[in-house]
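Dock chain B against the given chain A, drawing on the hints supplied.
The chain contents come next:
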Amino acid sequence: MSFLVPLFLLGLAGVAVPIVIHLTKRQRKNVVRFPSLMFLEKIPYQEQRRRRVQHWFLLLLRAIALALLVFAFARPFMDRSDLVAGTTSGPREVVVLVDRSYSMEVEDRMEAARTEAMRVFDQLGPLDRASLVAFDRSATVLVRSTADRGRLRSALDTLRSGSDVTRFSPALRVAQTILEESELSAGAVYLLTDFQRTGWAGDEGVRLPTSAEFIPVALGTAAPENIQVSGVSLPRSVDGGRERITPTARLVRRGGDGRVEVPVTLEIDGQPVQTVQVGLDGDGATAVTFQPVTVSRPHTRGSVRIPPDAVPADDERHFVVSPGSALTVRVVGAPGGGPDPNLYLQRALGISSDGRFRVTTRRGNGLVAADTEGVDVLVLNDVRIDGSAAERLRAFVDGGGGVLVAMGENAAWPASAQDLLPGTPGAARDHDTGRGSRLGHLAYEHPVFEVFSGPRSGDFGGARFFRARDVTPSDSADVLARFDDGSVALAEFVTGRGRVMLWTTTLDAYWNDLALQPVYLPFTHRIAEHLAGRTEATPSFTVGQVIDLADERALEAAGLVAGAGEGLQEGAEQVALTPSGEGVRIPEGAEARFLSLDQRGFYTIRPPGGIADRPFTLAVNVDVEESGLETIDPEDVVLQVRAAAGGSMGSGADGAQALRREDQERRQSLWRWILAAALGLLILETVLSNRASRSTTLASPGTGSLG
Amino acid sequence: MATVNARRSARGARFLDPAVLARIGSLELLAKSVVDGFLTGLHRSPYLGFSTDFAEHRAYMPGDDVRRIDWRLFARTDRHYIKLFEAETNANFVVLLDSSRSMDYGSHEVTKLDYARYLAACLGYLSNKQRDRVGLVTFDHELVEYLPPSLRPIDTMLHLLDAVDAGRPGRLGPPLMRATELLGRKGIVALLSDLYEEPDAVLEAVGPLRARGHDVIVFQLLDPMELTFSFEGASGFEDLETGEQIPVVPERLRPAYRRLMDEHLATVAKRFSDNRIDYALLDTSKPLDDALFRYLLARERMRSSR
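Top to bottom, those sequences are chains A and B.
Numbering of the first sequence is given in this note's numbering, commencing with residue 1 and proceeding in unit increments.
Numbering of the second sequence is given in this note's numbering, commencing with residue 1001 and proceeding in unit increments.
Chain A extracted, bound-state conformation:
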């Protein structure tokens, strides 16, 4: 029995107070020396004797009640750690951390981990408790702090290697938490892993209790030879009106000597379609390009495989592709009989290997219905817009359309629709200083200019601008490009679901020579794609990523083909089928609906009970970082964990012990029972004393009491 606040035990002296008073009173009481007690003894005093006993009993009750109150305030608890300290090998809190990353598939390392863990569990004492934690990028407590070896064994049997990468620190933090919350004073942490170098970044702030033993168990020996498919690129092309992809896989060989021939197979929708034999030197890499494959159906599954080797997880690479949809671009040019102002733009957008733009043109002011119906991007190339046209334009933009307004000599904009533009256009102004203006500032962080941010990625400096409309940008507008005199060249404004961009000069070669520069084509492509809100679909994800199925843009980026994901974009209930065949319910709702991608392979998402022909499919691949099987010395981890703990193994012991004592006391809460017992005794004492007092009143011949 220990006490959390033993100072309160001084209150036990209070128990002696009534006794001392009683004894003092007895000592000082008058002892009357009387000649003879022959008459007094004739008076019956049996009653009085019994009451004396009762009063002693009451005194005892009071003393016990007071003592119990003192004990309750002293917060008693059964200190099991003290019992532990008294034994030769006291109970320990054992935490077994087992690596389940996909590198544990190598050489049956997982089986070795199971064997080691079982050995640890078999060595547990009768009072020991153990926890089993599986970890990769994150840590999962499979069994927490139990002495039931059956549970531990069962959990161990179900342990399988996964598809994620190794990270030591989350597991060690879990172990730290378990040890700190344990009532036992001794602890041990077994780290069962292959100690990949990528799993430990050094001091990651792990603070294992210094009273705990840290035992690294290295599984596996040297890094075996491994060939991995490190990536697949899927360039598209349009040939004869058919969209095709040309898968190109990159293979890396780690370790090994000499050249090996590796058959690389391309599978489409589960069927091998091509196999290419490639030679790989030791620690070499190569690329394998397959014949183009026509993509005619949405959510087409593809995989690139090599024969399984030491690390099977990285011997395949999955992807999902769908036929791309061309963007419809409507270009409305200024009327007149002169040169076609739409010529350069039309030609630029028409040039693409995958036919991503479908361009139609018209000349004339104002807007007609055909200018906005079924159009993704509308280009107003030096066009006069009246009020009715502006309202049509507003509806188009609010519906998600993108508009590029190029202002030349002819362009005019009604004052009532000024809020549709990112600025207020003014008069045309000649940039006649020297040889015209150049673009002095570009927002390279913007998606339009992002591709030009790298070296040799396009040069806007060669373009000269001789005339432009002055524009005063509005507060909500983003100026993406300025001329070297500071005036606005390109501004963007987001309204509703759509975007409006304002180009303050012409799109042909009349006011500038940008149309003659090489960057003109990608520039116009980027603008059109940006205004259409088009993003490149991701052919594959990496294990550990999470996708929000309620995010429309995220779904689009994930390759969801419009019309193929039945009910998904509407927030209907869905079921995700994992690569292992397990169904994950995705409840109905418009709020975030996250799907954690923690297995390699294909996830299919469909309505419950629905049989879609081409369900929304996600390809998930392992992180090839885990394929690097280089190891670190386990002692490095030990030293760094100890260094993180301040290097003093006993520095945190007192605090941890105090925490455990408080924790023990809080869990046991003996004080509540003791307090209840004290109150019960006091109530009993009250009842008895009242009864005794009543009987005293009734028993008149009774003599007095000394109690």
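It should be emphasised that the hints constitute simulated quantities derived from the structure, not laboratory data.
Below 20 Å or equal to it, Euclidean Cα-Cα: the simulated DMTMM-like pairs (lysine to aspartate or glutamate) are:
hint : chain 1 : residue 1 : chain 2 : residue 2
1    : A       : LYS42     : B       : GLU1263
2    : A       : LYS42     : B       : GLU1244
3    : A       : LYS42     : B       : ASP1200
4    : A       : LYS42     : B       : GLU1197
5    : A       : LYS42     : B       : GLU1238
6    : A       : LYS42     : B       : GLU1251
Computed from a prediction, not measured in an experiment: that's the story for all the values here.
What follows is chain B alone, placed relative to chain A:
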């Protein structure tokens, strides 16, 4: 008290308080004459002896002294009669003083033993002055001191009284039986005791004295607290003789105690009265002379009623 103060300065004479004796002296002769009728001076001897006062004749019995034959009556009746006279002689007066530990109690300056000393001294002095033979017996549970009756000055008696120490438990029966054996000649026996025994036991102890022909006067000495039991507050009451101690709340016990005490005193008085033994209850808080005076008055009333 003056006698108490004189005790240290004049041992043996401290009891002779003139003021007390003056009052006793005025009643003494009358009292003793009333009691016994055999007086030397005021005393009347209970003995029939040779005296000038003719009492009666009786028939001569072989063994009688022939000198006591009334020859004149023989001449008239031709029968031998012995002439008996009421002898006027000194009486034996013996004080039986209880010196048990229970007598060493007093709720004020004078313990019962002190009071008994004074009383014994007064009676002894009075008797000695009347030329009675004065003796003294002290006892507790056995005979402690025995001073045979004599006509000598009572200095010895007073000295013994002064030396009396109440240190042992007492009983009435054995020592009084022993005293009965020692006191061969009939006389006046004054028993001074608190009589803390059952009435039957008391009578059983005193009865033999009376049976031997002694004129027994019993003075029961009790402290006022013994009579009233007017203690206050819960206390432990310790028996002076046995040392036994019991807890007592006097307020609760007082009625019962008084009732028992009254019953005891009444029973004792009745038993003595039935056996023609003089009895007086003396409160030690009352003046000594007052106690004697009350007693002698009571004897006088008894004489009148005879």
